[in-house]
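Chains C and P are the protein sequences, given in the same order.
The numbers in the numbering used here rise by one with no breaks, and the one at position 130 of the first sequence is 792.
The numbers in the numbering used here rise by one with no breaks, and the one at position 128 of the second sequence is 804.
In case anyone wonders, no lab produced these hints; they're calculated from the structure.
Keep in mind that the hints are not guaranteed to be accurate.
Distance ranges between label pairs, derived from CB positions [unchecked claim]:
no.	chain 1	residue 1	chain 2	residue 2	range
1	C	Tyr-802	P	Gln-1062	53 to 63 Å
2	P	Gly-803	C	Pro-808	56 to 66 Å
3	C	Ser-807	P	His-937	32 to 42 Å
4	P	Glu-921	C	Lys-735	52 to 62 Å
5	C	Pro-710	P	Glu-921	35 to 45 Å
6	P	Glu-921	C	Leu-734	25 to 35 Å
7	C	Gln-721	P	Thr-823	50 to 60 Å
8	P	Asp-845	C	Lys-810	20 to 30 Å
9	C	Asn-812	P	Asp-991	27 to 37 Å
10	C	Met-717	P	Lys-965	26 to 36 Å
11	C	Glu-775	P	Tyr-1041	50 to 60 Å
No farther apart than 27 Å at their CA atoms in a straight line, the calculated lysine-lysine pairs in the BS3-like style are these [as the list claims (entries may be wrong)]:
no.	chain 1	residue 1	chain 2	residue 2
12	P	Lys-830	P	Lys-721
13	P	Lys-830	P	Lys-965
14	C	Lys-686	C	Lys-764
15	C	Lys-764	P	Lys-830
16	C	Lys-805	P	Lys-964
17	C	Lys-739	P	Lys-820
Cβ coordinates follow ideal geometry from the N, Cα and C atoms, glycine included.
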Amino acid sequence: MNMKPKETDWNQLFSIIEKHKHEKWGLIPLLQDIQESFGYIPPDSIEPVAQALNMFPSQVQGVITFYAGFTLKPRGKYVIRCCRGTACHVKGSRSILRLMKKELGLEEGETSEDYQFTLETVACLGACFLAPTMMVNRDYFGKLSPTKVNSVLSQYKKSEKC
Amino acid sequence: ELIPSVMEFPRFNQEKRVVMEKCGRIDPEDIYDYIAESGYSSLVKALQLKPEEIIREVQESGLRGRGGAGFPTGRKWELARQARGENKIIICNADEGDPGAYMDRTILESNPHQVLEGMILCAYAVGAGNATVYVRAEYPLAVKTVTRAIQQAKELRLLGKGILGTDFDLEINVFRGSGAFVCGEETALIQSIEGHRGTPQHRPPYPVERGLRGQPTVINNVKTLASVPQILNHGAAWYRSIGTESSPGTAIFSVVGSVVHPGLVEIPMGVTLRTLIFDICGGIPNKKKFKAVQIGGPSGGCLPADFLDTPIDFDSLTEAGAMMGSGGMVVMDEDSCVVDVSRYFLDFTQKESCGKCTFCRVGTYHLLSILERLTKGEGKEGDLEQLENLSLDIKNGSLCGLGKTAPNPVLTSLRYFRDEYEAHVSEKRCPGK
Ligand SMILES: NC(=O)C1=CN([C@@H]2O[C@H](COP(=O)(O)OP(=O)(O)OC[C@H]3O[C@@H](n4cnc5c(N)ncnc54)[C@H](O)[C@@H]3O)[C@@H](O)[C@H]2O)C=CC1
Ligand SMILES: Cc1cc2nc3c(=O)[nH]c(=O)nc-3n(C[C@H](O)[C@H](O)[C@H](O)COP(=O)(O)O)c2cc1C
Ligand code: SF4
Ligand code: FES
């Protein structure tokens, strides 16, 4: 099944812009709203956002690229975040990440061609006592071992097939 | 008789909970739970006092900023009170960027009202009408908990117009970060609220003079603010009776790595590293030997066993070459590689540099590439000298704390574990493994 993202829903986009247009310094909350609704910031939304806030498109672009929380590329249905924080690092998260890369065939920040999986790293999931940890969308998994990583990943891979 | 009581475990008789006293004991979603534990009683008391009296009490308590630098909180508030401005602002810094620390998150998620109460007290003391909680992007639950807590406080008229029937007004809102470590730095934090890239700005002017929207702004850490209701409730003298002369109160650490009981610990300042690591956290597992402890996150330092009797407080840690910082603590046993831990932190700071200063942007990149070569066994003669020189250049040539402190993990581990670095160069291997 190919999950390639749909065309940008302009109505939705414009209602988000309308909502934040009159806030002072609404840019970041506006971008957060777009990111959450679409899963990324469609590049062709930069122009209308800039226009609404009376900014240059380059300024908006600059803000988007500065923050790790904003992406200009669509992401997969399952966003897999491997924690690379200190607690996880000392418990071997580097090899956990290596295993994930191999299993998914993705590098950090990449999305699979069928838009199923995106692989990301984060600085800390705030669950250090369970290190090493990972997150799939909003679900946490801790005390990871290679076997556990494999079973978590295959669970998501399988849920696609049926 | 044979079963020891809870209080016989060091974990319980050495810990002292001031900031986290109510965490885990109340329902964070129910304001009445907090009130039943004498929550908001400091506020009721404080509203009958003059703002100056509150500031004096905080000054007398000796409370120092828990964001890491330890600036006297009472002094900061006094400066903000004296500053000229119609619309003063309070910001609670909950950006908690240290990768491996989660105490601010824990406090916000398990007792948000104590933080709000601290913010209200601060606003009353300095004369502010607006406040913001700046929460790190990766903490959606904290955002939810705090947002609900604000709503509940409003319903009980602890926030909003005419707080508890006085003519004091305060609005608190929540701003979510967008995933940039440097935004924990106060001037970058202000930039990002204003909708810009989060690049640090030159100080002075300090935020207490000109901060958000050009207004005098008090920025305090979550733990700093959460200490205030306790201080006003029990008095400055009580607070001073905990901890040390120059660092009163408690410290919260997130202890991770090679310890039997990792996790969050709140201890009185002045407890030694040995007590914390060996008694409270149960020591090193698997009969391994202690090698080093890295304190203070990416801006902190790495200390060897000789420093185990160092008391934990702002000044002693700085003197030893580490720092209180965010409260991250990584314990390493004989098998771990100090060069790898330095490489890890450099990798982090290098990615998070905002790029404004050349030394920070390019210098950290070079530092990292040398460390990477060392850990791969490709070290060269002269590498260590270059690490040292580069580190000093980065410290001197950087605008904000990120660049100024980024070389700390390298400099301290190089100072205390030079032989290990040398082994990486001459023997192309890690003596730890
Ligand atoms: N909590 C965390 O996750 C992290 C904490 N840090 C810590 O941050 C610290 C560095 O932060 P900085 O803000 O650069 O420290 P700083 O020492 O420059 O300032 C500390 C506070 O005191 C205020 N201040 C200092 N001098 C002042 C003056 N003359 N007048 C008025 N106000 C004054 C500043 O505005 C600031 O709020 C480091 O100690 C580091 O450990 C760093 C990274 C992460
Ligand atoms: C790179 C960098 C990151 C920082 N991150 C944080 C943070 O996550 N939380 C925090 O409270 N202070 C952080 N600080 C320190 C703040 O600039 C500021 O000193 C602090 O919020 C003041 O609060 P306090 O007086 O209560 O300590 C950071 C500083 C630097 C240089
Ligand atoms: S020291 Fe680094 S993070 Fe700080 S302003 Fe300069 S480039 Fe940016
Ligand atoms: S370091 Fe991985 S959860 Fe904190």
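We went through each hint and held it up to the structure:
1. Tyr-802/C <-> Gln-1062/P: 53 to 63 Å: violated, 41 Å
2. Gly-803/P <-> Pro-808/C: 56 to 66 Å: holds, 58 Å
3. Ser-807/C <-> His-937/P: 32 to 42 Å: violated, 21 Å
4. Glu-921/P <-> Lys-735/C: 52 to 62 Å: Roughly 55 Å apart at Cβ, these two residues keep to the hinted range, so it holds.
5. Pro-710/C <-> Glu-921/P: 35 to 45 Å: violated, 59 Å
6. Glu-921/P <-> Leu-734/C: 25 to 35 Å: violated, 53 Å
7. Gln-721/C <-> Thr-823/P: 50 to 60 Å: violated, 29 Å
8. Asp-845/P <-> Lys-810/C: 20 to 30 Å: Given a distance of about 52 Å, which is not inside 20 to 30 Å, the answer is violated.
9. Asn-812/C <-> Asp-991/P: 27 to 37 Å: violated, 49 Å
10. Met-717/C <-> Lys-965/P: 26 to 36 Å: violated, 58 Å
11. Glu-775/C <-> Tyr-1041/P: 50 to 60 Å: Violated, at about 32 Å.
12. Lys-830/P <-> Lys-721/P: With Cα atoms ~19 Å apart, Lys-830/P and Lys-721/P stay inside 27 Å; holds.
13. Lys-830/P <-> Lys-965/P: violated, 53 Å
14. Lys-686/C <-> Lys-764/C: violated, 46 Å
15. Lys-764/C <-> Lys-830/P: violated, 51 Å
16. Lys-805/C <-> Lys-964/P: holds, 21 Å
17. Lys-739/C <-> Lys-820/P: holds, 24 Å
Taken one by one, the earlier hints fail for this structure at numbers 1, 3, 5, 6, 7, 8, 9, 10, 11, 13, 14, 15, listed in ascending order.
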